[in-house]
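Line order of the protein sequences matches chains E and Z.
Numbers 0 to 208, taken from numbering that gives the first Met the number 0, label the letters of the first sequence in order.
Numbers 0 to 208, taken from numbering that gives the first Met the number 0, label the letters of the second sequence in order.
Keep in mind that the hints were calculated from the coordinates and are not lab data.
Note that the coordinates shown come from a computational prediction; the quantities given were computed from them, not determined experimentally.
A couple of the hints might just be wrong.
Unchecked claim - Chain Z stretches covered by chain E per the calculated footprint, using a threshold of three residues with CB under 8 Å from any CB of chain E:
no., stretch
1, 11 to 23
2, 61 to 69
3, 196 to 205
Even glycine gets a Cβ: it sits at the ideal position worked out from N, Cα and C.
Protein chains: 2
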Amino acid sequence: MAKVRVHNYTITLDGFGAGVNQRADAPFGDNVDGLHDWMFAAQEDKAAGGGGIDAERVGRWEEGIGATIMGRNMFGPVRGPWEDESWSGWWGDNPPYHHDVFVHTHYPRAPIPLEGGTTFHLTDEPVETVLDRAMKAANGQDVIIAGGAATIQQYLRAGLIDELYLVQVPLLAGAGERLFDNVADALLNYQVTEMVSSPTATHLTLRRR
Amino acid sequence: MAKVRVHNYTITLDGFGAGVNQRADAPFGDNVDGLHDWMFAAQEDKAAGGGGIDAERVGRWEEGIGATIMGRNMFGPVRGPWEDESWSGWWGDNPPYHHDVFVHTHYPRAPIPLEGGTTFHLTDEPVETVLDRAMKAANGQDVIIAGGAATIQQYLRAGLIDELYLVQVPLLAGAGERLFDNVADALLNYQVTEMVSSPTATHLTLRRR
Numbered sequence: 000m001a002k003v004r005v006h007n008y009t010i011t012l013d014g015f016g017a018g019v020n021q022r023a024d025a026p027f028g029d030n031v032d033g034l035h036d037w038m039f040a041a042q043e044d045k046a047a048g049g050g051g052i053d054a055e056r057v058g059r060w061e062e063g064i065g066a067t068i069m070g071r072n073m074f075g076p077v078r079g080p081w082e083d084e085s086w087s088g089w090w091g092d093n094p095p096y097h098h099d100v101f102v103h104t105h106y107p108r109a110p111i112p113l114e115g116g117t118t119f120h121l122t123d124e125p126v127e128t129v130l131d132r133a134m135k136a137a138n139g140q141d142v143i144i145a146g147g148a149a150t151i152q153q154y155l156r157a158g159l160i161d162e163l164y165l166v167q168v169p170l171l172a173g174a175g176e177r178l179f180d181n182v183a184d185a186l187l188n189y190q191v192t193e194m195v196s197s198p199t200a201t202h203l204t205l206r207r208r
Numbered sequence: 000m001a002k003v004r005v006h007n008y009t010i011t012l013d014g015f016g017a018g019v020n021q022r023a024d025a026p027f028g029d030n031v032d033g034l035h036d037w038m039f040a041a042q043e044d045k046a047a048g049g050g051g052i053d054a055e056r057v058g059r060w061e062e063g064i065g066a067t068i069m070g071r072n073m074f075g076p077v078r079g080p081w082e083d084e085s086w087s088g089w090w091g092d093n094p095p096y097h098h099d100v101f102v103h104t105h106y107p108r109a110p111i112p113l114e115g116g117t118t119f120h121l122t123d124e125p126v127e128t129v130l131d132r133a134m135k136a137a138n139g140q141d142v143i144i145a146g147g148a149a150t151i152q153q154y155l156r157a158g159l160i161d162e163l164y165l166v167q168v169p170l171l172a173g174a175g176e177r178l179f180d181n182v183a184d185a186l187l188n189y190q191v192t193e194m195v196s197s198p199t200a201t202h203l204t205l206r207r208r
């Protein structure tokens, strides 16, 4: 049965998935330097055949993903109406998704097909509709809610997420987008089913009760 | 050099040190059942000679504490003016402190000396004054800011804490008193100098940069 999942979403000790002042030259904002260092190190370790906890975990559950949903701030630094339509994401001509990616925005655009099978769909439809489209596009595979925090919160509030795989790193951001804000009682529907740590990251699996 | 420390303060994955509705029969409030299970298990394990990470950690830095500071909600469930002065803390006739304990409250009372060397001082003085009194009482030993979250936040905002030893457990409270709220930029003065996990708890040391 296809799942709706959050995958490898990384937060600081104080719970932030991004700092303040997200912008073109600092996509995750201020005071979160090193937020994803665990991931890059793990990918290197894995490529080199290493067997650390992070390396073993980073690629888990990467198979079987058929569509991705994200917020507009994860798609790019442009805010408000599109001045032109040249921006096609942070990831260049051949993004690493290789499937349909749905982007929540108040300013829809025509689909943006890129190399390697990634097509960005910029839509202002409600989460239920977008998830429905994503599930169809995924064709039996899982759908990932990629972020940022505000987008994950929307899906949590709507009760639409089956599983969250979070990684917490020992950094303090102080301010920014906190994953666990604005979710009312939604978190009480989940429990942490697994926690395992390397020296640099704590891996947590949250599943519906 | 004597330090001002937070010691074994336990928070949920979403950052809460207590849930909502703290009351006499639920001192830590709702949706935090099991918050301190790691500690009880660790103390048992330690008493039995066990060598788990939690057992090894739970008693660390317990030596050399000369005074404790806490908020009134940690002292008891009574809110507002004291109806009578019979309440002398949650801990019975012989509290586990065995030194002077300073309790921030808007409703001061005469000192409450109990067995075993614990005396509760209920004061409405500002944090700087109370810390000064506690440092004198500690006579060269460390002072612990015990909690709750609001009290630790006050001392963090005032820049008065040298070191925080936090324990994070894989629970989701959803609401309550969140340690990392209301501290403005204070956390940016700290870094996580150590993180180590057992299967049930992540131990984190925060020190001033």
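For this session: Can you take a look at whether the stretch 196 to 205 of chain Z is actually covered by chain E? Rule is 3+ residues, C-beta closer than 8 Å.
Result: holds (count 6)
For this session: Examine the stretch 11 to 23 of chain Z for residues whose CB is less than 8 Å from any CB of chain E, and state whether their number is three or more.
Result: n = 3 at 8 Å, threshold three: holds.
Exercise. Okay, the stretch 61 to 69 of chain Z and chain E, do three or more residues pass the C-beta test at under 8 Å?
Worked result: violated (count 0)
Hint 2 from the earlier list is the only one contradicted by this structure; the remaining hints agree with it.
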